[in-house]
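Please dock the two separately framed chains into a single complex, following the hints provided.
Listed in order, the protein sequences are those of chains L and C. For the first sequence, the residue numbers in this note's numbering are 1225 to 1441. For the second sequence, the residue numbers in this note's numbering are 470 to 638.
Rather than coming from a laboratory, the hints here were simulated on the basis of the structure. Please note: incorrect hints may appear among the correct ones.
[Claimed, not checked] Beyond 10 Å from chain C on every Cβ pair, some chain L residues (computed):
{"id": "1", "residue": "L1250"}
{"id": "2", "residue": "F1266"}
{"id": "3", "residue": "R1271"}
{"id": "4", "residue": "P1293"}
{"id": "5", "residue": "L1324"}
{"id": "6", "residue": "L1346"}
{"id": "7", "residue": "A1384"}
[As the list claims (entries may be wrong)] With a Cα cut of at most 30 Å, we get these calculated DSSO-like pairs of lysine-lysine:
{"id": "8", "chain 1": "L", "residue 1": "K1235", "chain 2": "C", "residue 2": "K505"}
{"id": "9", "chain 1": "C", "residue 1": "K525", "chain 2": "C", "residue 2": "K480"}
{"id": "10", "chain 1": "C", "residue 1": "K637", "chain 2": "L", "residue 2": "K1255"}
{"id": "11", "chain 1": "C", "residue 1": "K505", "chain 2": "C", "residue 2": "K492"}
{"id": "12", "chain 1": "L", "residue 1": "K1318", "chain 2": "C", "residue 2": "K525"}
{"id": "13", "chain 1": "L", "residue 1": "K1258", "chain 2": "C", "residue 2": "K630"}
{"id": "14", "chain 1": "C", "residue 1": "K480", "chain 2": "C", "residue 2": "K527"}
{"id": "15", "chain 1": "C", "residue 1": "K527", "chain 2": "L", "residue 2": "K1231"}
{"id": "16", "chain 1": "C", "residue 1": "K630", "chain 2": "L", "residue 2": "K1232"}
{"id": "17", "chain 1": "L", "residue 1": "K1232", "chain 2": "C", "residue 2": "K480"}
{"id": "18", "chain 1": "C", "residue 1": "K527", "chain 2": "L", "residue 2": "K1289"}
{"id": "19", "chain 1": "C", "residue 1": "K480", "chain 2": "C", "residue 2": "K492"}
{"id": "20", "chain 1": "C", "residue 1": "K637", "chain 2": "L", "residue 2": "K1258"}
{"id": "21", "chain 1": "C", "residue 1": "K505", "chain 2": "C", "residue 2": "K480"}
{"id": "22", "chain 1": "C", "residue 1": "K630", "chain 2": "C", "residue 2": "K492"}
{"id": "23", "chain 1": "C", "residue 1": "K637", "chain 2": "C", "residue 2": "K492"}
{"id": "24", "chain 1": "L", "residue 1": "K1255", "chain 2": "L", "residue 2": "K1318"}
{"id": "25", "chain 1": "C", "residue 1": "K505", "chain 2": "C", "residue 2": "K527"}
{"id": "26", "chain 1": "C", "residue 1": "K630", "chain 2": "L", "residue 2": "K1255"}
{"id": "27", "chain 1": "C", "residue 1": "K527", "chain 2": "L", "residue 2": "K1258"}
Note that beta-carbon positions come from the ideal geometry of N, C-alpha and C, so glycine has one too.
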Amino acid sequence: MNPDELKKLWKTQTSAVRLTIDTDVLLQLLKRNKNHFEAMVFWRDAREIGVALLMAPILLWMGVKDHLPWTFFLMIPAMLGIAGFMLTDRMLQKRRQPQLDNPLRDCLERLLAQVEHQIGLLRNVFWWYLLPVAAALAAFFGHVTWLTWADGWRHRLASAVIIAVTTLIFWGVYWLNQWAVRRELEPRREELRALISNLENDNPVVLPSGEMSSSTD
Amino acid sequence: MHHDDSEAVFKTWLQEHGGIVFKVARAYTFTDEDRKDLVQDILLQLWVSLPQFEGKAKTSTWVYRVALNTALASRRKSQRRKDRQIPILEVGDVPAVGNGDVQRLRDREIVEHLYTAIRQLPKADAALLLLYLDDMSYREMAEVLGISESNVGVKLSRVRKQLAELMKE
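Only chain C is shown next, with the shape it has when bound in the complex (with noise of 0.2 Å):
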């Protein structure tokens, strides 16, 4: 890939996959700062094997392998990077405004909660339910977990009563 295109396929990564990043990296941290550390580890990580992509796979199954694999490699120290930390980075929902407010942020808090279940289960079983929540099909789930389907399917409905269970409390 020349190093112009390299340049354009990541920008144009960045503007139709970068909410995949940003949900993996809020589904495996508990601080805003680590968070941000770890969006910026993911994005580097994308950028330095933007040149190993071949096309095979969807690029929203490669992105998530990327930042999956990144999240659960990489093992998060209490202290800071800021000399290297990216300063232009911003993070955040979207604020409510106007009419059926109360509902959105509702469904703010219940969202706010579902990160809170997933964080609490084991960080394979998070990876799972975050490509479930993003419709991915199995044969798409076994392709970034490395798993057969079947197992897929097993695994999948136990963590979908686990999650069941957590959402209650």
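Excised from the complex, chain L in its bound form (with noise of 0.2 Å):
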């Protein structure tokens, strides 16, 4: 059968296709849907950006409480810091979004511009997430351990328990944003990227998995 018989088929077959659809129920569910899609983007925003805000209030009320060290408070400016950066950053990835009534093609390259940008994010999450806590707890550390120096070896025990401890849960968080990286985000950039290419080139080529894709590399 050539291809232009198929096409004909092809025309026949999918004209008999019955999609069973209530339309009043079915609008029902797509706006409910939409609510619930808002409203779970809404809350992973405010999750993630909320809990940097709450902990200045927090951290503030604490110090003044136990009248911890000055060099206590600078975890305040550290949590702001970050709050305001992603804040930041979401608001300008909101606007960066795929529009999907666009061209394929415009759509695939927003997608992985977003795909790098969270690669991008966590790769560097040292900078901009870890470091001004860790710079803030480590000056917290530090005076509290010349300050208690005189009281004796168990104090300073204590004290590097404490950062020991710290640095491995830093650590932690590091490894588990590097990891999510090679899991999913790299695969899924890789996986748009051969999308992309397979429709600017037109020299077919075959991807590890066993996907047949086009490149002219």
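Structure (structure tokens):
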């Protein structure tokens, strides 16, 4: 059967496709799903940014209540800085969201840019998230250790243990972020690059996954 | 667009272009469950994108754009979202009855084979083939895919050959 015959058959067969939908019920459900999706995005942002914002007054209250050294309060600008950075980034990214009614190539390129941005954020999580908090914590622990140096080796040991545990937690957060990049984002980036390359070029190649693609490389 | 107008337009589109949604979903999924899930995602995106439709493109072209973008942009996960899946949505072929059924069944088998072939193609090529099978012009295909008409021509000739090979298997 040649492609033109296939085309003819395709049209007759697919016109026999039945879509049984109660459009009124469907619309209700679509509206509900849209609201659900919007709420999900809002709460995800609120959770991530809100936690950083909420930490500022909590830290202030803790510091004042327990008369902690001034270095403790360095955590507050660190938290506010992180929250500000995340908020600005989310707002900028919202404007660059892929529009699903754009041509396929534009949509894929925007998606790729979004994934690359995510990769950049997580790869550099040390600089914008971990370092400000770690620097503030290091200043506080260093200060406390210096203030309690004369209290004996037990205090010094306790400080050393706290610093070691905190370092371990920070390393864990960093490792988790890099793992997410390797496991989720990099494969997605490769998939999108293959799709765009497939649209742009016309020399078929076989991807390691076995799927055929096109590339001039 | 007024809210009530949107609903009326959406309902009309479902009647006229529901087949596009179904075809795209069927071409990009392997199981019924995934297909229903993708149909739902596409319908949701159509509903969300509806206010941006300015009428510059043909409705079918626009529906194809949203459907293909959704199919290629989404990553199907193994875990289902049954809690949010639309229960009133049933997709399927009209059963063959009466005389001439043998021919219809044979035709249906060929179409099934065609879908199997489409699923083996790279996703972007599958998109092009769907547009070609729906008799779109080079200009419309270029508009949906965001590539030049000459590129459409070159790719299409290769994809057609590839399809012919796959259909022989």
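| Beyond 10 Å from every chain C Cβ - status for L1324/L | Given that some Cβ of chain C is not farther than 10 Å from that of L1324/L, nearest at about 4 Å, it is violated.
| Is the nearest Cβ of chain C still more than 10 Å from the Cβ of L1250/L? | Non-interface label on L1250/L violated, nearest chain C Cβ at 6 Å vs cutoff 10 Å.
| task | Take the C-alpha atoms of K630/C and K1255/L, compute the straight-line distance between them, and say whether it is at most 30 Å. | result | Roughly 43 Å between the alpha carbons, so the hint for K630/C and K1255/L is violated.
| request: Quickly compare the C-alpha distance for K1255/L and K1318/L to 30 Å and report which way the hint goes. | output: holds, 21 Å
| Nearest-CB test (10 Å) between chain C and A1384/L | Fine: 44 Å to the nearest Cβ keeps A1384/L off the interface.
| query | Would the pair K505/C and K527/C pass a check requiring their Cα atoms to be no farther apart than 30 Å? | reply | Satisfied, since the Cα-Cα distance of roughly 26 Å is no more than 30 Å.
| task | For the pair we were handed, K1318/L and K525/C, check the Cα-Cα distance against 30 Å. | result | holds, 25 Å
| query | Going straight from one Cα to the other, do K480/C and K492/C come out at no more than 30 Å? | reply | Status holds; Cα separation ~18 Å.
| request: Quick one: work out the minimum CB distance from F1266/L to chain C and report holds if it exceeds 10 Å, violated otherwise. | output: holds, 15 Å
| field | Agreement of K630/C and K1232/L with the hint, judged by alpha carbon distance not exceeding 30 Å | value | Holds. K630/C to K1232/L sits at ~17 Å (cutoff 30 Å).
| said: Just to be careful, I want the Cα atoms of K637/C and K1255/L compared with a cutoff of 30 Å; is the pair within it? | reply: violated, 45 Å
| field | Hint consistency between K630/C and K492/C [alpha-carbon to alpha-carbon, up to 30 Å] | value | Status holds; Cα separation ~21 Å.
The structure fails to meet hints 1, 5, 10, 13, 18, 20, 26 from the earlier list, while all remaining hints are met.
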